[in-house]
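Dock chain B against the given chain A, drawing on the hints supplied.
As you go down the protein sequences, you meet chains A and B in turn. No gaps in the numbering here: position 99 of the first sequence is 99 in UniProt numbering, and each next residue is one more. No gaps in the numbering here: position 26 of the second sequence is 26 in UniProt numbering, and each next residue is one more.
Don't read these hints as lab results, they were simulated from the structure. Take the hints with a grain of salt, since some may be wrong.
Rough simulated footprint, nothing fancy, chain B against chain A, three-plus residues with beta-carbon under 8 Å [to be verified]: (1) 174-187; (2) 200-206; (3) 295-304.
Glycine included, every Cβ here is placed at the ideal spot set by N, Cα and C.
2 protein chains.
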Amino acid sequence: MNRILAITGLVLASTGLSGCIAAAVPIAAAAGVVKTSQDSKARKRSKRQQTAPAPQPGQVYTTEDGQKVQVTNLTALPTPGEAAVAPVAAKPVPGSVPPEMQFLYGSGEASALSLQAYAALWTYVHGELRFRRDKSQITSVVMTRDSTLTSPKFGTCGKRPMAVVFDVDETVLLNLGFESDAARRGPGYDQGRWTRWEETGADKVEAVPGAAETIAALRSDGITVIFNTNRSASTAPFTIEALNRAGLGPVTLGDTLILRDDNAPSGKDERRWQIAERYCIVAMGGDQLGDFSDLFNAKDLSTPARRNTTSNTLIAPLWGHGWFILPNPVYGSGLKGGMDEVFPKDKQWADPAEEKK
Amino acid sequence: MNRILAITGLVLASTGLSGCIAAAVPIAAAAGVVKTSQDSKARKRSKRQQTAPAPQPGQVYTTEDGQKVQVTNLTALPTPGEAAVAPVAAKPVPGSVPPEMQFLYGSGEASALSLQAYAALWTYVHGELRFRRDKSQITSVVMTRDSTLTSPKFGTCGKRPMAVVFDVDETVLLNLGFESDAARRGPGYDQGRWTRWEETGADKVEAVPGAAETIAALRSDGITVIFNTNRSASTAPFTIEALNRAGLGPVTLGDTLILRDDNAPSGKDERRWQIAERYCIVAMGGDQLGDFSDLFNAKDLSTPARRNTTSNTLIAPLWGHGWFILPNPVYGSGLKGGMDEVFPKDKQWADPAEEKK
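Next comes chain A alone, as it looks inside the complex (with noise of 0.2 Å):
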């Protein structure tokens, strides 16, 4: 019932007038800085697993009957003494597209979570606040700077003008080029990479759908669409034509186009606190925990703990009312965890003929 109370005193009052505007494109981004730290740790291992004489990634042996076969995975074994099961995360090969891709990038059931994503904003933005009365009492979404993820907390408005902030990549931008590389060539992240694809991939990427609809309506009903990404500052020119070219333009550098200076934090949550000083933030969108709040991304959070705070604490009535979330299996800080972690031990289960052998 806490949850019930909290939403309703977010959303307050509306209008009789309900929006039952639906739009439709397609489109989703990758955020190059979240996958460093992740890919580089994948990087480290297998630098030290290519020693001699054991097989190495991609030495090729002939079998007994003639085939040839390559070693395309080598993972290293615990220390003894260690747990007897280490988890180790499941490498794509190269030149083939991994599941996660086809469902984001190939499959209508993605592009319809997408879609639906941005109905509810619209739904949410258009027909329950846009023609509130009394605007000053419109409350902010952005947590402010004392909350926690048990008690988050919200200001009012003021006479501040109404925006909604999201996020880029596999937001409201499909970095379809950059993911098709990444598949053609397998496992590994390399932040060069990403740069240059920021510098040469304008033209390669496309809406996520729904997004270039939506948020041409917004700006029509005089509501300021801010983008707050970790794109970098310095490629600043190639990141307005790829918005541009994929139909989310047109965008203010500082203004409505927020970017990351280099040497800056990852976290957004500075960005955000900046842009809430000067607009109204009505609503957000992103596909990362991250673009709602840093605190998701705390160190001494668990994967389960973190899953828990979206939806066992005051946080979870926020999603569709004025958090929207955009799907994204492909890479994030979502992406985490081991067997015990991803799967609640009363929940695990073998299969019992298996068990009998």
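Showing chain B alone in chain A's frame:
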């Protein structure tokens, strides 16, 4: 503009009440049948590879610096004369948790997507439909028999009582036990194992985040909740137990729980139309496009065309307004397509630095 008119036609007038209740709990389930053909291919391939004296998956070696490494994955090389890059399905490593499972079962992002979908469903049904004065003018969201994807048709409901139809697996129920077993074993789907899962796993499931609260709220509003699933009619008591344990019951077999009879087709249209003869289906929830219409699974529909039908047709405005989709990148009919089907040719990119080498 056609899209906007279409949705307005479907939704019609709405009331002055806006439902602002969100709910929270976690689920998602596995449609075994879809997996079969893909995975049996993978099994065949890996058998061929397990021939000495080449390294074998699982074999342990010691590197020069004394570290122990294990061969976890091998791939068969193309025979000379074959295309240089033959797309090969990505191979999960037994004992690890593949990224798509980390996302669906372990991430806060997927939990948020589910909560958002259920919040949208609740807002739609409770806010826009329940308080209509003339309920006979409410439109069913089940496409009529003479529909096509480019020309979807819907009828009005007359005096039939309102109902919401849900798929079960990975829509209202997360098959944590089955998927934990699948992650431990690595690739390979086994119909017998899925049947044993239906029979013995009723306590190893959870509700999808948002499902249990939304379903309870719908029922307390006087709206009938019906499950239309491909789980087998022969294991009915176990499926009922699983639904009850996850907090999704009660159900009545044959009325609010529709299972698949042995030898019946996996398509759900016939069962949907039978339900629609008794109820006014005002909303549907599913994780697969086949949970909304079998037309999406037509054999002549290419991967890009299938994706396109969800966003660039009169289907688009249904997402979030009558049709509600839940995330599932782990299995299903959306996980298809090679490089050129997932990534449009004119959007593919290659790192210019690598090209120069």
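- Test coverage of the stretch 200-206 of chain A by chain B using CB-CB distances below 8 Å; three residues minimum. With 5 residues closer than 8 Å to chain B, the stretch 200-206 of chain A meets the three-residue bar; holds.
- Query: Taking 8 Å as the C-beta cutoff, is the stated coverage of the stretch 174-187 of chain A by chain B satisfied by three or more residues?
  - Reply: Holds, because 8 residues of the stretch 174-187 of chain A bring their Cβ atoms closer than 8 Å to Cβ atoms of chain B.
- With a Cβ-Cβ cutoff of 8 Å, does the stretch 295-304 of chain A contain at least three residues near chain B? Holds, because 3 residues of the stretch 295-304 of chain A bring their Cβ atoms closer than 8 Å to Cβ atoms of chain B.
Of the hints listed earlier, there is not a single one the structure fails to meet.
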